[in-house]
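Student: Sequence:
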Amino acid sequence: MSDLLSRRLALLGERANLPLLTRCLHGIERECLRVDGNGQLALTPHPRALGSALTNGQITTDYSESLLEFITPAETDPATTLADLDKIHRFTVGKLGDELLWSPSMPCRLPSEEEIPIARYGSSPIGRLKYVYRKGLAVRYGKTMQCIAGIHYNFSLPDALWPLLKQAEGDPQDDRDYQSARYIALIRNFRRYSWLLMYLFGAAPALDRSFLRDRPHDLDTLDAETLYLPWATSLRMSDLGYQNNAQAGLTPCYNSLDSYLASLRQAVSTPYPPYAEIGTKQNGEWVQLNTNVIQIENEYYSSIRPKRVTCTGERPIQALMARGVQYVEVRCLDINPYLPLGIDLEESRFLDAFLLFCALQDSPPMAGEECRSATDNFQRVVKEGRRPGLTLLRNGQAIGLTDWANDLLDRIARTAEVLDAAQGSQEHAAALSAQRTKVADPDLTPSARVLAELRQNGESFSQFALRKSREHADHFRSHPLTAEDQARFEALARESLAEQARLEAEPDVDFDTFVAAYQASILGLASH
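Numbering that gives the first Met the number 0 applies: residue 0 is where the sequence shown begins, and numbers increase by one.
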């Protein structure tokens, strides 16, 4: 263990400081497709009973009208976060009629690209902007890839923790800059070690053949309908044959918040010739917001992001520039098809220990070679993480995945220990122990379990996923909401519809002017 990690853990482990670790915040965003009772993509509009996808803060849509997104409030205890997520699921399932929530990350058998419905958000300028942004994603990447679902895990350490560390280490930065620098350091360590999360929690080793649309691929055939890789953990996080060169040069190594923001500012303001050939309009209709490398910040596909809650009308880059990093959003987690919520408390407790380790462990700047090896390690594990004897690259030297995983778990055990001391429990230690068993026996990982079950039952990927989707629907229906919770969600839905109507009743704004102002809000930052 590094001396720095030991010192920081000793400081946080002091009786006066331990309560700080009970004030971490957790939020979850879970995406999932709506499908009909036969496991086909639901082509119905977003259910009005769920409220407005534009203005309901807890139930919205992601890329497609058929791709739901559930968003919990931020809570200090992930058990409460998961309880919130459970209630959102139960309310939603109660409004879906015969439709189901698709259980895994990889999509059901999809209709043609033309038939996949893009999410709609009404006629207000911001609603139209969200729709045109998604049209741009379709132009750039195709609609099929946008139907993959995942879980985003939002995590923050309490603001009061950072000045404590800063003072102990005699760091001259002001509090805000120190906090941002420590979150960026967490992200660097996440890039170094997140291959471990893919091994432990990857749950997407197979997919429906239709997903690849007859493109060339390197996957094996399991049955007439199912493609897979024998040692894969998460095909969702692999390239799957999709090549988009526009973002190839956009891999910030997160050596400072300023350099990260500069790379994003450049990407949202630099034209990309193939997109420029398409243009922003065709036959007078908007097809993308602009012709730049990325249309907006969220188009940058990364496994983790620094975040800050935005004010009304504020862009994510503006919030980070003005007030620094507030939390991180982990974006590489697959939906576990065996779990009704796609994630459980054991995974959440381990994530907390892992992220605290990433925050406290020494995190030197990453040079180009280390950046490349971090990316290569991650990609190797998503495609062949369970291969016997697999080696990765650590500090330029080959090391067995099992050896490195056990070394990391030994170090993460220390952060689990201090979290348990703060909370008077053994839950983090138990969660860590469960991960050790997966390292010892790859057959216990979710990805291995999926493949074993497909083979054992003679099921295709889509048959398996539909069976689990029905089981989860039965689970939620057998646990209806209390009258109070039901009324609260009904009220949220009504209020969101009223808020969308209010936005649409405001005086008309020329949409071209609105988009130009939105684009200028980033260009104006370049001189700061």
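Treat the hints as calculated values from the structure; they're not laboratory data. Don't take every hint at face value.
To be verified - Calculated cross-link-like contacts (lysine-lysine; reagent style DSS-like; alpha-carbon spacing at most 30 Å):
{"#": "1", "residue 1": "Lys165", "residue 2": "Lys306"}
{"#": "2", "residue 1": "Lys94", "residue 2": "Lys134"}
{"#": "3", "residue 1": "Lys134", "residue 2": "Lys306"}
{"#": "4", "residue 1": "Lys280", "residue 2": "Lys165"}
Student: For every hint, state whether the structure bears it out.
Tutor: Evaluation of the provided hints:
For a cut-off of 30 Å, the pair hint linking lysine 165 to lysine 306 stands: about 21 Å separates their Cα positions. For the hint pairing lysine 94 with lysine 134, the CA-to-CA distance comes to about 28 Å; that is within 30 Å, so the pair holds. Taking the CA atoms of lysine 134 and lysine 306, the gap is near 25 Å; set against the 30 Å cutoff, the hint holds. Between lysine 280 and lysine 165, the direct Cα distance comes to roughly 51 Å. Violation of the 30 Å bound is thereby established for this hinted pair.
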